[in-house]
Structure formats: structure tokens, C-alpha cells
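> Chains as they are written, first to last, in this note's numbering: chain A, 17 to 279; chain B, 109 to 352; chain C, -2 to 239.
Just so you know, these hints were derived from the structure itself, not from any lab. By construction, the Cβ of each residue, glycine as well, lies at the ideal position given by its N, Cα and C atoms. There may be inaccurate statements among the hints.
Here are the simulated lysine-lysine pairs, DSS-like style, with alpha carbons at most 27 Å apart [unchecked claim]: (1) K157(B) x K257(A); (2) K34(C) x K331(B); (3) K146(A) x K287(B); (4) K78(A) x K138(A); (5) K216(A) x K115(B); (6) K257(A) x K209(B); (7) K132(A) x K157(B); (8) K150(C) x K227(C); (9) K191(A) x K138(A); (10) K132(A) x K331(B); (11) K171(C) x K142(C); (12) K227(C) x K330(B); (13) K115(B) x K320(B); (14) K171(B) x K138(A); (15) K150(C) x K330(B); (16) K142(C) x K343(B); (17) K216(A) x K30(C); (18) K138(A) x K320(B); (19) K49(C) x K163(C); (20) K191(A) x K145(A); (21) K171(C) x K216(A); (22) K37(A) x K51(A); (23) K196(B) x K145(A); (24) K287(B) x K209(B); (25) K330(B) x K132(A); (26) K257(A) x K30(C); (27) K216(A) x K78(A); (28) K171(B) x K216(A); (29) K257(A) x K330(B); (30) K196(B) x K330(B); (31) K171(B) x K121(C); (32) K37(A) x K78(A); (33) K227(C) x K171(C); (34) K136(B) x K157(B).
Simulated coverage check for chain B against chain C, where a stretch passes if three residues somewhere in it have a Cβ under 8 Å from a Cβ of chain C [claimed, not checked]: (35) 203 to 213; (36) 284 to 293.
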Amino acid sequence: MSTVITRVKQRQIAQLIAKGKRLDGRGLTDYREIKVEQGIIERAEGSARVCLGKTEVMVGTKIEVGEPFSDTPDEGVLTVNAELVPLASPTFEPGPPDENSIELARIVDRGIRESKAIDVGKLCIEPGKKVFVIFVDVYVLNHDGNLIDASALAAIAALLNTKMPKYEVEEDKIKIKPGYTQIPIRRHPVTVTFAKINEKLVVDPWLDEEQVMDARLSVAFDDEGNICAVQKGGSGYFTQKQVLEAVAIGREKANEIRKKLGW
Amino acid sequence: MSQKTEKLIDKKGLRLDGRKPDELRPIKIGVGVLSNADGSAYIEQGKNKILAAVYGPRELHPKHMALPDRTVLRCRYHMAPFSVQERKSPAPSRREIELSKVIREALEPSIFLEYYPRTAIDVFIEVLQADGGTRCASITAASLALADAGIPMRDLVVACAAGKVDDTIVLDLMDEEDKIGTADVPVALMPNLNVITLLQMDGILTPEEFEKAVNLAIEGCKKIYTMQKEALRAKYVAVKEVEE
Amino acid sequence: MINLPTFFERRQLVTPGDLIAEGDYIAGENTYKEDNKIYASRIGLVDYEDKKVNVVALRAFYIPRVGDTVIGTVVEVGFNGWVVDINSPYLALLRASDVLGRPFRPQKDELSQVLDVGDLIVAKIVAYDRTHDPQLTVGEPGLGKITRGEIVKVTPTKIPRVIGRKGSMISMIKQETGCQIILGLNGIVLVTGKSLEDEQLAIMAIRKIEEESHTSGLTDRIVQMLKEEKAKREGMRNESEN
């Protein structure tokens, strides 16, 4: 992703950060304002929209009945897909998912899957034959930095909002009963992303900071503070010390966010 | 992940293939194995068999994709259809696309990109046989291929993974340990600057376990780094011994 | 010699990332300096030039320099000139006006009649910078289209070894084989002899120099090899005549 950023601005950002401040007034470990709305798309089984500063991500979930994977015959299936739609940024072009949208989807997927956020055992209809398949589709609507954290939050918010049909299995036939039930969510993983700028770590980088950063580190935490996903991105590097610093800060921030959203 | 009652570590503390928790699989490395590529390397790590080749720096087409002040590093990680148990379709999977990206980002910090503006350096990785830890072995081979191509670098990049199986932090996971274990932490390192250029985690670990795994992976990296350097020298020392 | 720590001796083999020296040194060829330490950036042999630390690279590619004589292949006939492959990451351009010696007239001049795809040329680099591809000229004596001879590709960093001290190596080969040899600094060598055999002899010598460029006593070994080969050929010729 490259829109040209002026050298003057680059220097400004770097100089401020060296003093522990950021161009938008935030502290190095402060998030932008987070707004979460749920249930906005009625046709979807679940939906949510998250605004992280000016970054906007919408997630819709759909539930279908399908076949389980052969190595997990009694578990439901989770599929995460992400689209960086062209209207979200001058740098997004129409076409099949590129490496950035694929990476984004896979990071969000890992956070949910590894934390066992969804109790997939409870999504089995007929072992080996029929299970619920949950599609989580991440739709980036406006890119102003840190799509990972915004998408991860929106995905969980959408899942919390997702209803699946009640059903009964009667003589090998699935009978849909009236009413809906919430999908079984038991954890609320939160991903915290850092940008490294001039050897300093800043939380929740916005677009200009992303263009200036050397590298990016995303760490996902579950409700108990365990790490359930890590992804370094960008063409720079981190020292061991910086990685551990990010883990320590990230853990706190994840808890703060969970508390703030009432998860 | 479904419940499996297989034990990955036995009573003596040995793993499925007889290794101790902090032991690497046997590794064989060769440099300059392909005649057409500008640089190449081949690695065997356990049952992994991976070939890496570099073409470049060369002019970039289409020209508008070139950068005016530096080279563009392109990387393609690809698995052969016969490399895994169940035949894999030759079309690039989402996993291969993600790995191509993280491998490229692991190698970029080592190259002096600004030396060759308006060019591209292409890295091609072919996994001929896979047995867990392919992205790490690929990085180790690709870095050697870059050196073999005469591309100026800050340091070789070396990679190794650690993880957790049966409550033990272990080094260099093989396929079964990767699939059934609780966590996999691949790490790439530039040893002389001591910086991490690739870091991922798949699974669940406490922050303390994560630290332990990263440390163990880095130790593994340093051991493999020695082998990388030996493999590189081996290609040239044999010729050197002619006279001296 | 300066009394500061060095970790490799002259002519020792280093690989990218090896720490060669620490302290008040200057980073020379194929090295870089970080935090007062000099590291190798390519595989090669260490060389010290007072305070400068160099690595003579064993694997490198040619980056154009203004003034270099190069040998290249025409790969494209463009609309007002030719694109030439000079064995470098960058393609070179030869303008039509340079070859024709006068401004180019698109209606009257058919460029492919002058130089076509596949033609070999000896040229000189007249312009090159980070933002433009190298420009060539053939407007000097000794430059122009090559009509006969054999081409050998050599790692560009080894060309100085093929030349030898004060040209001693290359003169010796020319003498022993009776061939004319043009050395492109881009690693391409043109050998033109009275017979194919003579050319092959010269090529053999050049290939041997490339393989053993970092060893000493090479000149003598090459002379030896050439004499042996010539004797062998004499012997075979005598046999076939009998």
C-alpha cells in the first residue's frame, strides 16, 4: 500500500514519537476511539461495524449447513474471508484477494480459532455428515490504519450478534424449529497491533504512521491473557526485547478493550 | 483441533522421532545447485526437501511496477502437488500466498535494496516434500540463494520454529507435532545484528511459554546459521585448496 | 599496520554478515559499516588497503560504469536505436544517431539493416546514473559490430585477473594462442583466432583463470597448461598424418 507521504511529515511523526507523543495527540500506547455497532445488516445472520478512529470495518456472518472436515468430523467449520474493497482507499484495486487481504483474513481467523472462541463442538448436527458452517466476511470500508485490530474486533462483535437456527434431527432429516439461538461463544480474543517507528513501539498505528513504520507486530490475547496469535508484518525487524515489551503492553490493552466493550 | 490421545512425548522425554525437546532434525544444505538461476540452494531438514532459486537483480516488467529508488523483492513460496500426503492442487492456496508475503518480509531487511533502483530480485521457493517447518527451511535456503547470486546483504537470514507439544516447549516441530501440538512459533533471525525478521504464532501459549519458545527458536536459528555459513564456504573452499 | 582488532586475515574467505574488523576502519568494496564494525556484504576474500577493508567478491554481477568497454548482444531493434543486453541488471541503449554518425531519419534509415537482434557489439558506456539505463557508444576505434570469434562469460570481478598485473596474463595468453582477445569489463570476453582450436585453447585458459582466480602462481600454471595442450594437439596431428 503506497500513497506518497512527504518527508516533512515523516520527520514530524518520527520526532514526536521520539518524545513520546503522536501527531494526533495520543500517547504511544493509546487506542483511537472505538465504536461498535451490531445487527446492522438484517439479511446476515450476524453483523457488526467497528470504527477505530476513521478506520471502518464491517463484518457480516452467514450460517450454512455443510460437511465437516475429515479430520474433525464432529466439529463445525469456521471460514474467514476479508475484502479490501476499492472504495475504502485509493490504493485498493478491484480484483481477487491480494496478499494483504489474505493475510488479514488469516490473522483474524487465527485469533478466533486458536482461542477456541466458538465452541465448534456444539455446531455438529450429524457427526461426519452435517455441521454448521460459519462464514465470517470482513469488509473494509475505510482504511485509515490498523485494519487488523478493527477487523478482529468487528469479527467478534459480529459473532456475538450471530444467531443460528434451532433444529432437531428426526429420522435422518434435519427439522428446523422456530426461533434462533446464539452461537456458542466462550471467548473474546482481542488483537493488539504495534508499529515500530525509530525503535519505538506505538499501539494502533493510523495510516500515516503505517507508511512511516519499519515493521508491525500484531498479538492476539484471549480472556485469560494467553497469546493466541502473533504476526510480524512489514519489511523491518524487531529485537527480542521489543517483542516481549509488545506482549506485556498488548495484554493490558486487550483487557482494557474487553472491559470497555463489556465482553 | 479435535481431541487426540496420542502422546507426542514419551516417558523418557523423547519425541515421536526419538529427538530430545531441544534437538534439531538432521539438516543437509547445498549451495549453487541449479545452473540457470543466478543463485540457488537446496535444504533437507528432517523429511523436508526444499529448493530455492534467485533471479536478479533484473529489469522489472511491467516498468510501472518498478520503484525509482530501490529494487523490488518478489517471493513465491509454492508447494509441489506431490509434496504432501493428500495431493495438493498446483494453484496457489491462501496459505501459500500468506507465506510468500511473510517470507519476503523476512528476507527484505537483509538486502541492500537501495543499491539497485528500478530492478526486481525474484526469489522462487519450491517445496518438493513437506514435513512441518517449511517456511523456516525455505527462508534458510532462500537467504543462501541470495548470497549465491552475489546480492549484497547485511547478513544471512536463518529461521527455525519452536512450539508446544504435550506441555513441553520443543524445537523444530515436524508435521505431526505441528498438527497435533498446541502451538507453533516460527522465527527468522539475522544473527549478527540479533534481530527478528519473521515472527508468527499459531496456537495458544501463556506469555511466559511464548518467551521460552522464542528463546528456544533463536537458539535453533543460531545453530543452523553455522551450517548455512559452512555450506556457503564449502562451495568455494574446495576451489581454494587447489593451490594453498 | 594499524593495531585495531581484525577477525579475518588477508585472503581469507568471508560470507555475508561476517564481522571483519572493528574500530577506525573504512568500509571498502563489498563491505558495510555499522556501529564501528565492518561486515562483509558478499562472499569473497578479504583484502586490506591501509585503513580500508575490501572484499574481493567471488560472486557478483556487473553494474555499469561510465568509460567501461563492454561486449553486448542486441536484443531489440527499437524505434530510434537498439536495446543491448550487457550482462547486467540494466539493459543498455545504443542510439541510432551514434551508429549512423548523423541524425536519424526514420523514413530513410532501416535500423535492422545496420544492427539486428542477435548481433554482438563491442561498445563503451558513455552515460549511466540511478535514474536512467546505461547509454552506449560505438563511435571509437575498436568498437562496433563483431563478425567473428568466440564468446566466453566470466564473473566480472575476475576480469582484472584475466588481465593480470600490467597486462602480463592476457599478453601471455595472446602470445601462446595467437588469438586476439577483447575483454569486456562486464564479464564478456571475445576471442578471435586463426582457427577454432586456437580459440578453444584461449577459452580454456580463461575458464581456468576464473576457477582459480584467487590462488597464486596461476600465471605459471596457465603457461604450463597451454604448453601441454599444444603438445597434445601436435601429437594428435602427427598421429593422424601417419
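> Evaluate each hint against the coordinates.
Hints, verified against the model:
no. : hint              : in the structure
1   : K157(B) x K257(A) : violated (33 Å)
2   : K34(C) x K331(B)  : holds (23 Å)
3   : K146(A) x K287(B) : holds (23 Å)
4   : K78(A) x K138(A)  : holds (17 Å)
5   : K216(A) x K115(B) : violated (43 Å)
6   : K257(A) x K209(B) : holds (24 Å)
7   : K132(A) x K157(B) : violated (33 Å)
8   : K150(C) x K227(C) : holds (23 Å)
9   : K191(A) x K138(A) : holds (17 Å)
10  : K132(A) x K331(B) : violated (35 Å)
11  : K171(C) x K142(C) : holds (21 Å)
12  : K227(C) x K330(B) : violated (52 Å)
13  : K115(B) x K320(B) : holds (22 Å)
14  : K171(B) x K138(A) : violated (53 Å)
15  : K150(C) x K330(B) : violated (37 Å)
16  : K142(C) x K343(B) : violated (38 Å)
17  : K216(A) x K30(C)  : holds (23 Å)
18  : K138(A) x K320(B) : violated (34 Å)
19  : K49(C) x K163(C)  : holds (23 Å)
20  : K191(A) x K145(A) : holds (15 Å)
21  : K171(C) x K216(A) : violated (62 Å)
22  : K37(A) x K51(A)   : holds (23 Å)
23  : K196(B) x K145(A) : holds (23 Å)
24  : K287(B) x K209(B) : holds (22 Å)
25  : K330(B) x K132(A) : violated (34 Å)
26  : K257(A) x K30(C)  : holds (24 Å)
27  : K216(A) x K78(A)  : violated (40 Å)
28  : K171(B) x K216(A) : violated (36 Å)
29  : K257(A) x K330(B) : holds (17 Å)
30  : K196(B) x K330(B) : violated (33 Å)
31  : K171(B) x K121(C) : holds (25 Å)
32  : K37(A) x K78(A)   : violated (42 Å)
33  : K227(C) x K171(C) : holds (14 Å)
34  : K136(B) x K157(B) : holds (10 Å)
35  : 203 to 213        : violated (count 0)
36  : 284 to 293        : violated (count 0)
Of the hints listed earlier, those the structure fails to meet are numbers 1, 5, 7, 10, 12, 14, 15, 16, 18, 21, 25, 27, 28, 30, 32, 35 and 36, in rising order.
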